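Under our numbering, think of the first position of the sequence shown as 1, with each following residue one higher.
FYI, nobody ran anything at the bench for these hints, they're computed from the structure.
Below, simulated DSSO-like cross-link-like pairs (lysine-lysine); rule was C-alpha separation at most 30 Å, straight line:
no., residue 1, residue 2
1, 208, 72
2, 102, 208
3, 102, 142
Using C-beta positions, here's what the derived DEER-type ranges look like:
no., residue 1, residue 2, range
4, 225, 25, 35 to 41 Å
5, 12, 36, 41 to 47 Å
6, 66, 208, 17 to 23 Å
7, 153, 53, 40 to 46 Å
8, 181, 228, 26 to 32 Å
Values in this document were obtained by computation on a predicted structure and should not be read as measured data.
From the three backbone atoms N, C-alpha and C, an ideal C-beta is built for every residue, glycine too.
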Amino acid sequence: MRMYRPYHPPADPLLVRELTQVQQELRAHVRLQPLGYEPTLIAGCDSSFPTPETILSVFVLLQFPSLELVEKVYHVGPVEVPYIPGLLSFREAPNVLRAYDKLQQKPDIIMVDGHGIAHPRRMGIAAHLGVLLDSPTFGVAKQKLTGTYQEPAITKGSISPLTDKSGELLGEVIRSKDKVNPLFVSPGHRCDQTTATRLTLACLRGYKLPEPTRLADHWAEEFKKELR
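Given only the sequences and the hints, what does the whole structure look like? Please build it.
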């Protein structure tokens, strides 16, 4: 059975060039470094599109390492940028930032549903948000965007590197649950791969997704019901 994919008309080439230039400028500010301290508050964020014209972005704030829910917020706004592969951060980030502003407490680090530097131009949504917020971020994605890897072993906790053609490490491929498809974990900003992988594993509670992004996804579905 063929999977349905929504049609997205070609974007304005001038807009593509402009956003690509901005993306390259943001990339120059990315810093990959150890976190330097143990977080006490970790956030998860996710976005979805209730309608083609509307975006809903959610933040959940959890205590770490207990992962007790502290706070949950969301923001709904208009989609302001068309769908452009490789530039989806510009479509999501403005609304995500408005949701972030609603948090009463700010996290020590943010786990983003999406990629960090495991992106063709090393600027996935986690890196993009990290630079704009100047906050530690990393990405946990369900699908590969770029790079190559060997399938990790089928047991939970198995890991293999995700690299580009030159051998540069882009992220790690993590089996988060026995016999399920792996996750693609990469640092975004003010974070390194070791930290991103360690926190992802520490946030697993028997599901495929780590709790910060799993709960963000869960509450996105709940908040959608309020919009109907």
